[in-house]
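> Chains A, B, C and D, in that order, are what the protein sequence lines are.
Note that the working numbering has the first sequence beginning at 1, numbered continuously upward.
Note that the working numbering has the second sequence beginning at 1, numbered continuously upward.
Note that the working numbering has the third sequence beginning at 1, numbered continuously upward.
Note that the working numbering has the fourth sequence beginning at 1, numbered continuously upward.
Just so you know, not all the hints are guaranteed correct.
Note that the list lumps identical chains together, so a pair holds whenever it fits in one copy or between two copies.
In the DSBU-like style, the derived pairs of lysine-lysine whose C-alpha atoms are separated by at most 30 Å in a straight line are [said to hold, decoys possible]:
{"hint": "1", "residue 1": "LYS227", "residue 2": "LYS141"}
{"hint": "2", "residue 1": "LYS6", "residue 2": "LYS147"}
{"hint": "3", "residue 1": "LYS285", "residue 2": "LYS96"}
{"hint": "4", "residue 1": "LYS147", "residue 2": "LYS47"}
{"hint": "5", "residue 1": "LYS6", "residue 2": "LYS141"}
{"hint": "6", "residue 1": "LYS141", "residue 2": "LYS35"}
{"hint": "7", "residue 1": "LYS227", "residue 2": "LYS285"}
{"hint": "8", "residue 1": "LYS96", "residue 2": "LYS227"}
{"hint": "9", "residue 1": "LYS96", "residue 2": "LYS141"}
{"hint": "10", "residue 1": "LYS47", "residue 2": "LYS227"}
{"hint": "11", "residue 1": "LYS35", "residue 2": "LYS147"}
{"hint": "12", "residue 1": "LYS51", "residue 2": "LYS227"}
{"hint": "13", "residue 1": "LYS47", "residue 2": "LYS141"}
{"hint": "14", "residue 1": "LYS147", "residue 2": "LYS51"}
{"hint": "15", "residue 1": "LYS96", "residue 2": "LYS35"}
Read the hints as simulated data drawn from the structure, not as lab findings.
Small disclaimer: the values here were computed from a predicted structure and weren't measured.
The chain contents come next:
Protein chains: 4
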Amino acid sequence: MNSFGKLFRISIYGESHGESVGIVMDGCPAGIPLKTSDFEAELARRKSGAKGTTPRQEPDIPRIMSGVFNELTTGAPVMVQFDNTNTRSRDYSLLKDIPRPGHADFTGQQKFGGYQDYRGGGHFSGRLTLGLVAAGVVARKIIAPAKVESAILEVGGSTQIESALDNAIEIQDSIGGIIECRISEVPVGLGEPFFDSLEAVMSHMVFSIPAIKGIEFGSGFEAARMKGSEHNDNIIDSQGNTETNHAGGINGGISNGNEIIFRVAVKPTSSTHQAQRTMNMQSGKMEELSIEGRHDTCIALRVPAVLEAAAAIVMADFMLQAQQTGRIFKHK
Amino acid sequence: MNSFGKLFRISIYGESHGESVGIVMDGCPAGIPLKTSDFEAELARRKSGAKGTTPRQEPDIPRIMSGVFNELTTGAPVMVQFDNTNTRSRDYSLLKDIPRPGHADFTGQQKFGGYQDYRGGGHFSGRLTLGLVAAGVVARKIIAPAKVESAILEVGGSTQIESALDNAIEIQDSIGGIIECRISEVPVGLGEPFFDSLEAVMSHMVFSIPAIKGIEFGSGFEAARMKGSEHNDNIIDSQGNTETNHAGGINGGISNGNEIIFRVAVKPTSSTHQAQRTMNMQSGKMEELSIEGRHDTCIALRVPAVLEAAAAIVMADFMLQAQQTGRIFKHK
Amino acid sequence: MNSFGKLFRISIYGESHGESVGIVMDGCPAGIPLKTSDFEAELARRKSGAKGTTPRQEPDIPRIMSGVFNELTTGAPVMVQFDNTNTRSRDYSLLKDIPRPGHADFTGQQKFGGYQDYRGGGHFSGRLTLGLVAAGVVARKIIAPAKVESAILEVGGSTQIESALDNAIEIQDSIGGIIECRISEVPVGLGEPFFDSLEAVMSHMVFSIPAIKGIEFGSGFEAARMKGSEHNDNIIDSQGNTETNHAGGINGGISNGNEIIFRVAVKPTSSTHQAQRTMNMQSGKMEELSIEGRHDTCIALRVPAVLEAAAAIVMADFMLQAQQTGRIFKHK
Amino acid sequence: MNSFGKLFRISIYGESHGESVGIVMDGCPAGIPLKTSDFEAELARRKSGAKGTTPRQEPDIPRIMSGVFNELTTGAPVMVQFDNTNTRSRDYSLLKDIPRPGHADFTGQQKFGGYQDYRGGGHFSGRLTLGLVAAGVVARKIIAPAKVESAILEVGGSTQIESALDNAIEIQDSIGGIIECRISEVPVGLGEPFFDSLEAVMSHMVFSIPAIKGIEFGSGFEAARMKGSEHNDNIIDSQGNTETNHAGGINGGISNGNEIIFRVAVKPTSSTHQAQRTMNMQSGKMEELSIEGRHDTCIALRVPAVLEAAAAIVMADFMLQAQQTGRIFKHK
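Could you build all of it, start to finish, from the sequences and the hints given here?
Listed below in structure tokens is the structure:
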């Protein structure tokens, strides 16, 4: 439920207002240089504070609790923990009765029978992605020289990001965005024909990131409107490089050596200052609700660091699997 | 690699031109009525023959090899096998040297070191989806009264399906399409907050279907262009029904009781009569290539039966997991 | 439920009196020479016919249904199927009401609600081990030059096997036995510290073989009666060879390069001509029951081929995992 | 590698001399009463201090870091952490060159390329079983009213435990022991026919406990010396109760409702004051070595709390699986 991966296997735990959140990375090869400061840059990218993100900030200090000795991984599970410090003792108990539209208040309540920790999103909180970012830092070291990068293509339907944010802040509503991720220097042969196709496993991981509602590889939905003669990528050398890259670097579920490209749709932050209507489960009456307090105008702004980490984690697992001879028998 | 699922677990095997293709369904509850004729309608929907699909037809006769006794499942693995009969002894060996653009010829060759069965797509063949359709028939029985339906929204960029097909046939090129899938009468509470979110597991399975290059839930990519106040679905009763369904029936990774809705993008069939360019790996020279023979003009036409089966399989696994008390402890 | 393994993953299916039994081997590396006749010798070792085994014989003809092309594995799942031919149409329905002591009649009935195929043991039948033997043949090729051998140490409490069998046949009762398995030329480093220790995974697989009720590694239960100074194996060279081998080739869950040694206890065949007492679930009265027909006097005689196969399957999976650089990071 | 279980899934991490050791329990149902003091009694049973155990003591204070809210589980992962406090800064670096007989020094060094944390056993340390004991406390709540109990049958080959310990202390050597575990009030129907038989999964978990070298169910190795007519347990009522319990409560891999009984062999503590010989990997010369310091004379004395926890964890997972209607389809 809270684990992912086959040979590089991660498990996350924690709640927004509990003691801590963190991650256990199992199957991490021994001998990878790793120290606390390695996490800083990526954690900073995920952090809030910039325009369009919440002004509430937590220090996000990673503590390596196991699996590292003399600043090198040992081969045992690497556990990275983040203490929760900025947990205001607000009263969240209203959420049990008055589920916020767009949030997991209603589904969490139903699934966990009212036992869920509802404070600040509890286990559903985006704060859990701190662990993903930490695992991504390790994964990037495993997959080097392959590299993962991403870019925000648009927010609020506009490629003019600055002005779209200004507008959203002015009208006190939240907006979504579209992010593109590219993985370069990928070896040929990662992924499997069906259930563990590169698209299948990547999308599985990517939809674990809160607020993502769509993913497309290469030309994606546009491919559905192309002719075969347009969409097929002509192969131009013996390494499998192609003239175009409509396939997004994947054929038959397997990496073909070109850049892996995919885009994700991030929905607008569910918390908005605008009034919404919902059912009060206690009274059985409809109520008007507007979410007070400090929240991200555009959560998509904070997704790139998490999305790249997610992609790196998937690639690390595939690469460790491929090291078993690329599934080809060595005749002895 | 070729298995999927946790409590309802399927494993597929076979090649296009081998002895047979088939599926093993493990974890199938005992006591489900099942006989060979139950598969007929769905297999017929998947079949070719209609306009825009290949005229080559195989009988696709399912044989239940285990797990059923007196026309009821026994609780042991249900194995369904399809003999391959229409396997022309054409010479496919050229594909080893001259990989077709858009196909898995190059990636399969690289991954499996030239040992792959390259005849007719081998293990990459869409023929493997016969097993998925068979498993979908069983899964539908498990999830009833929940229902899975789908519709082709457009092919070749056109909602006028008939004329889009006519045009593609005339210009001798292939086209893709977009399909929408809806799952109704879904219990609240299926799915998990992060790695096993309903979107995550569903997309994992759906990208196992060949030719799919994108998936979006609810408003999907359009959500990225909406305001939070527009996108959030107001909750209008104590069952969690919502006024709109931009979330596609899922909040926080968990079903909210509304219809689950998603759309997929199907790329144009990789085989096209149009000339393409590719590298001859033997000679090191570029060659022009056009794919002769009978193939689907629009493979998207045959996807609905497979897509619904895939969705039903995912839902069956989630429902079996939910039967363990919905993850809520019974105080004794 | 009916699958085992991580990178070399097997799934079994079938019933004693159904259409067929078989196995799907997933994760099998491409390029392994494999043809039907490769299975013959091991299948013959498993077969009945010798003194102390049932005179009922089936031909046990393996059919490779997928995953092999030009007598080499392709990297796709290898499916091997055995048709059931010698299935007498006896009436087995009494077993539903009158569970035989020592058999799975009662537990199967309870678990599967009466839907189980009770004919000839159904899915519980030892006939399912045909698939294990087939997978063992492939696994041996993967692990070579490592070798798996076993020997029957005793049957019916006697090391004089011939006379113990004669005696059991004369008194018309069944007997058990103890078998020792040795794996040689094992690389150092297979297995993990805790849950995937070599003992843990090996015992998991070995207890999947019907009738096995105990396993011990190295000195095993005798170790519990030794002093530390006696039990510890002195290391005598830089390859880790030890003077003695009380540890059975495993320290801290990981192979140490010496022979892996374990012994298993096989209970006496549950079917015996002697009278036993059991409850008639229909009438609620105790009944006397003696199992007519042809059965193995000592099923332990047929276990070695299956036990070696099981051991080879476990080693193959560990070796494929180890090929990912033995869990050590390559600095680039 | 460091995870176990299907629906109740645990992951352990940590090293003897690192920051902490701990466990993440995923799939824990919501609503189980749980507070820190619940762990005290079982942790105390595992603790050293009594005759025959090491006088070195650590406080072993459990901290619940996630998954509990208002002293009830939330359905999210429960993380329990134990800080390491009594970590003397001794010099352990000699172990890299001079592997101790019976320990994992050599295998750990080889598997992890010298990167392992070798201080005090590192990740191989018995201290990791603290997490198992914590998970066992939760598991017992899940399986109630089923109960797990164990007893030390013998140490050092003697049923006179007190005097056997006195003798071992006097001669300054270590000794092993045999422990019997019994699980009562077990529902019928837990376990699966082959790979997930109750014996298979239980042994997998039990061999994860350091120092265990053998396991037998019911009559175990003695069964191999019995006749079928002796070993078979006559069924005496409609609940499946049997006259005898040679099967240890399991037929065909599935619980039959009687007590589940198994015994394990615990080897003598590898650390002994007696002199042993081993290879100095640096100099290539044999050396004599005796392990100084405080260690357990008989580690078997501390195993019962861990063994019972392990058994409870396995049963909890099986029971959660069984709650999905016992694998029987409900006709709607």
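> For each hint, tell me whether it holds in the structure or not.
Outcome of the hint check:
1. Proximity of LYS227 to LYS141 under the C-alpha cut-off of 30 Å is found in neither arrangement, the shortest distances being 39 Å within a copy and 38 Å between copies.
2. With identical chains, the CA atoms of LYS6 and LYS147 are at most 30 Å apart both within one copy (21 Å) and between copies (28 Å).
3. Taking the closest pair of Cα atoms, LYS285 and LYS96 come within 30 Å of each other only inside a single copy of the chain (14 Å); across copies the shortest separation is 55 Å, beyond that limit.
4. With identical chains, the CA atoms of LYS147 and LYS47 are at most 30 Å apart within one copy only, with a shortest distance of 21 Å there and 42 Å across copies.
5. Proximity of LYS6 to LYS141 under the C-alpha cut-off of 30 Å is found in both arrangements, the shortest distances being 18 Å within a copy and 24 Å between copies.
6. In this assembly of identical chains, LYS141 and LYS35 lie within 30 Å of each other by CA distance solely inside one copy; the values are 12 Å within and 39 Å between copies.
7. In this assembly of identical chains, LYS227 and LYS285 lie within 30 Å of each other by CA distance solely across copies; the values are 26 Å between and 53 Å within a copy.
8. For the homomeric pair LYS96 and LYS227, the shortest alpha-carbon distance between copies (25 Å) is at most 30 Å, but the shortest distance inside one copy (51 Å) is not.
9. With identical chains, the CA atoms of LYS96 and LYS141 are at most 30 Å apart between copies only, with a shortest distance of 26 Å across copies and 43 Å within one.
10. Proximity of LYS47 and LYS227 under a CA criterion of 30 Å is satisfied inter-copy only: 22 Å between copies versus 43 Å inside one chain copy.
11. Within a single copy, LYS35 and LYS147 get their C-alpha atoms as close as 20 Å, which meets the 30 Å cut-off; across copies the closest is 43 Å, which misses it.
12. For the homomeric pair LYS51 and LYS227, the shortest alpha-carbon distance between copies (17 Å) is at most 30 Å, but the shortest distance inside one copy (42 Å) is not.
13. Within a single copy, LYS47 and LYS141 get their C-alpha atoms as close as 22 Å, which meets the 30 Å cut-off; across copies the closest is 40 Å, which misses it.
14. Only within a single protomer do LYS147 and LYS51 lie at most 30 Å apart by alpha-carbon distance; the minimum there is 28 Å, versus 45 Å between protomers.
15. Taking the closest pair of Cα atoms, LYS96 and LYS35 come within 30 Å of each other only across two copies (23 Å); inside a single copy the shortest separation is 41 Å, beyond that limit.
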